[in-house]
Amino acid sequence: MIGEGLVRADGQAKVTGRAVYVDDVRPEGCLYAATVRSPFAHARITGIRLDPDFDFSDVTVVTAADIPGENVVALMTDDQPALADKVVRHVMEPVALVAAPTREKALAAVSHILVDYEPLPALFDPERSRGHEPSLFGSDNVYSHITLVHGDPDGAFASAEGNADVRIIEGTYRVGLQEQLYIEPQGMIATHRVDAEGAPGLTLFGSMQCPFYVVKALSRVLGHKRFNVVQAVTGGGFGGKEEYPSLVAIHAALLALKSGKSVKLIYRRDEDLRATTKRHPCRLRYRTVVEVRTGRLLAFDGHMLFDGGAYNTLSPVVNSRGVIHAVGPYRCENVRSEALMVATNTPPNGAFRGFGAPQVQFAAERHLDRIARELGLDPLDVRRVNLYRDGDLTPTGQTLKDIGAKIVLEAALERAQRPLPPGNGSGRPGGGGQAARLAAGRGLALAWHGCGFTGNGEANLQGKADLALEGRDLRVYTSSTDIGQGTETIFPQIVAAALGIGVGRVSVAPPDTDLVPDSGPTVASRTAMVVGGVVLKAAQALRAALASEVGFDGDFDAMLDARTSDAVLRVREQYADDGTLVWDPKTYRGDAYPTFGWSCVIVDLEVDLDTGEVLYRRLVQATDVGRALNPVLASGQLEGGALQALGYATSEEVVLDERGCMRNDRLTNYIIPTALDAPEMETVLIEIPFAGGPFGAKGIGEIPHDVPHAAVAQAIERATGAVLDRLPMMPERVMAALERRR
Amino acid sequence: MILRFQVNATDVELDVLPMARLLDVLREDLRLTGSKEGCGEGECGACTVLIDGRAVNSCLVPVFQVAGAKVETVEGLASGLHGHERLHPVQAAFLEHGAAQCGICTPGFLVAAAELLAHTPHPTRLEVREALAGNLCRCTGYQKIVDAVANALGRQGS
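Keeping their order, the protein sequence lines are chains A and B.
Residue 1 is where the first sequence starts when you use the working numbering, and the numbers rise one by one after that.
Residue 1 is where the second sequence starts when you use the working numbering, and the numbers rise one by one after that.
Bear in mind the hints are in silico, worked out from the structure with no lab data behind them.
Glycine included, each C-beta is placed from N, C-alpha and C at the ideal position.
You can take every hint at face value.
Derived, one-sided and incomplete: chain A residues facing chain B with beta-carbon distance under 10 angstroms:
| id | residue |
| --- | --- |
| 1 | D10 |
| 2 | G17 |
| 3 | A19 |
| 4 | Y21 |
| 5 | E184 |
| 6 | L646 |
| 7 | P673 |
Computed spacing ranges between beta-carbons, pair by pair:
| id | chain 1 | residue 1 | chain 2 | residue 2 | range |
| --- | --- | --- | --- | --- | --- |
| 8 | B | Q65 | A | L107 | 20 to 30 angstroms |
| 9 | B | R31 | A | G201 | 25 to 35 angstroms |
| 10 | A | T668 | B | P18 | 18 to 28 angstroms |
| 11 | B | P62 | A | S219 | 37 to 47 angstroms |
Using the sequences provided together with the hints, build the complete structure.
Right, here's the structure in full:
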């Protein structure tokens with residue numbers, strides 16, 4: 001059961017077209033909604049009027065004045081309004097909402113809502129945000145500032161002066177915005193309902209990762225909780241549907257309340273690209289003291305500057321993960337890691353698979369390549385000498401054990417030595433099919449990734465899961481959403497394995513906040529490892545409850561046969577750690593994560609020397625997953641994450657115009673990889689069990705996005721000598737780097 | 001205009017605006033919601049259907065163009081009744097290989113793959129990649145999709 005590649009539970013519905021996504025539902029008499037958005041990055045709103053020449057008779061219009069509760073998108077801080085009142089702080093910020101009987105009428109109405117703006121000076125450069133005007137957040141425009149110190153970095157840098165055995169090596173690295181690009185745009189439907197007590201209320205049905213985020217946000221806006229939130233089958237999230245759907249739900253709900261009708265709000269692709277959150281861009285300055293002979297890291301001093309955009313969203317948590325992961329999977333006894341997350345007048349950045357780790361580990365890996373280059377060493381040797389070993393301390397002072405770093409490295413190297421199976425490999429030819437001048441290269445990078453929430457996060461959250469015996473079958477109740485990763489398949493595998501029954505007897509209840517407890521959000525590589533662990537505890541509790549009911553503990557079906565009642569037996573469990581994790585959020589000292597995943601990625605590519613285009617041939621990854629509950633689903637996560645990272649590496653560039661608005665707001669010019677762009681992938685699952693996870697499982701959702709882009713940069717350098725320290729490595733940047741090389 | 005065409009081997013007659021998008025007619029008028037809209041401009045392929053056996057992006061087709069044509073959607077790939085259907089080999093291969101994750105792109109991939117397999121039952125991996133290059137997937141990295149399509153008919157002992 002555990003370790004079997006069972007077919008996904010929702011597979012039949014998905015391959016026959018029967019799976020119901022939000023846009024597939026059309027409630028009776030439903031209105032279609034659209035959003036009036038700011039054309040300015042920063043402006044005062046001086047008036048909102050309806051065009052007297054437009055027929056608004058069948059159009060519902062909502063502004064901030066219609067909000068019954070608080071005008072806020074409740075998340076970490078209350079800085080983001082549900083609808084801009086008085087001031088807009090980024091282009092595309094929602095100012096008003098319309099709903100009409102047809103999409104066409106709603107879209108037409110948008111341009112007849114006349115908003116008067118008085119433009120204000122706008123801030124786009126994160127380097128000039130902290131303590132500068134205009135004031136966008138708090139007293140100094142800083143969302144988060146974290147400094148982590150381990151050992152004595154100042155002493156190590158001071159003693160490096162004049163010591164011929166060591167050298168100070170510094171580098172600056174930059175990464176750009178990246179769009180999650182779930183193929184299904186954001187969408188939500190609000191319908192009216194009468195609850196069990198006869199009170200009127202709403203149901204929000206839509207595309208989302210975190211139903212209880214929506215509950216928290218919407219209850220503040222409505223001033224009550226007379227609603228439920230139901231996840232539709234969701235067409236991809238990658239973090240982009242972590243916090244953003246709260247805003248979409250608020251908007252649909254406000255229109256439904258005012259119109260008295262059902263309301264459907266689906267973003268157009270261009271609107272989704274321009275308005276929604278992206279991966280945070282970052283500038284990273286790394287200074288290190290290294291041993292000249294080996295490249296061993298003796299001290300690290302890293303400064304990261306993240307652009308959070310116009311509202312805080314989850315940016316402090318991204319900053320936090322960035323600080324902790326900044327050195328990569330390498331031992332260093334003297335570390336200063338400092339990260340600053342600042343406000344600008346661009347659309348807010350937010351959650352995206354990896355959450356700060358892909359940015360900082362690009363810099364970490366490129367910096368090791370720089371060390372190798374400057375010292376004349378082999379980049380692989382520099383990694384070997386620095387890789388974590390059992391008993392090493394991380395920069396937060398956490399003692400590492402059962403480290404997979406060396407194991408994944410050797411496994412990836414071994415696999416990459418084998419030839420590709422015949423018929424595989426070689427995708428798109430370069431040079432448009434002409435005889436191209438190609439340079440081939442191989443790159444390697446290593447990652448670590450803290451699984452689950454940082455520090456006390458899980459203990460504070462106490463994520464819950466219910467398991468119910470309904471007849472002779474079992475049903476799992478959690479708010480963990482399946483957004484493609486396979487939650488609906490692995491939770492039944494866990495329960496079935498724990499109880500010794502067939503997996504077909506275990507189903508998963510739909511994530512409906514009326515039915516399920518709050519298991520915490522579907523984020524941070526925590527669903528299988530953390531919530532799956534709670535589900536396993538629930539299975540054990542249910543067995544115990546059943547044993548006590550029938551008077552013996554034995555074969556599950558024999559216990560069922562002995563039952564005299566057919567009442568539903570439902571148990572609830574919640575997360576509790578074993579009390580051994582110690583974390584101080586003030587000093588950033590202690591056990592940052594319950595465990596870490598480890599991964600090594602090897603990329604084979606060719607660089608077209610005439611166009612600068614990068615052609616991927618092969619990608620090998622070896623990743624420590626703890627235990628592969630379902631190896632087909634697990635390798636699917638790793639392959640998909642790796643290709644997203646290759647897009648981040650060479651094709652996905654968000655181009656902002658002078659207002660901070662995404663200019664390339666279409667799939668024709670924001671280029672994600674196709675099947676022809678993708679390399680052949682080989683995925684090696686390494687299993688170093690984590691005692692705190694169900695059957696040893698670790699989180700794996702994010703680690704595949706952490707470093708493939710760094711392996712690409714190394715491969716380009718090895719193929720051509722061109723050094724690129726900035727993402728994305730678009731063909732023109734590759735060409736420029738080839739020029740610099742000469 | 002009154003338009004007659006065939007959808008999934010069933011004759012339909014509809015009163016439609018000639019320039020309505022085929023995708024909207026399928027989803028809204030015929031309630032065949034298996035074809036998805038990911039971009040509305042022919043880039044993502046989630047709305048792929050077959051018109052007289054050729055894969056097209058239904059978001060780019062004005063419906064008058066299908067007058068008299070045979071349109072096939074993902075709903076027409078399997079035979080038999082819902083719940084007891086016999087899957088098309090490429091649907092079965094998608095399940096077996098784990099080629100569907102979030103599933104939003106899956107209908108378009110299946111239809112595009114069905115067209116390929118109709119002409120080329122045992123495609124090379126490169127042929128599969130070329131045939132599916134008009135369909136975007138953000139979940140899988142395409143590896144399992146290519147595995148599924150390349151092997152869909154191979155299992156019957158080609």
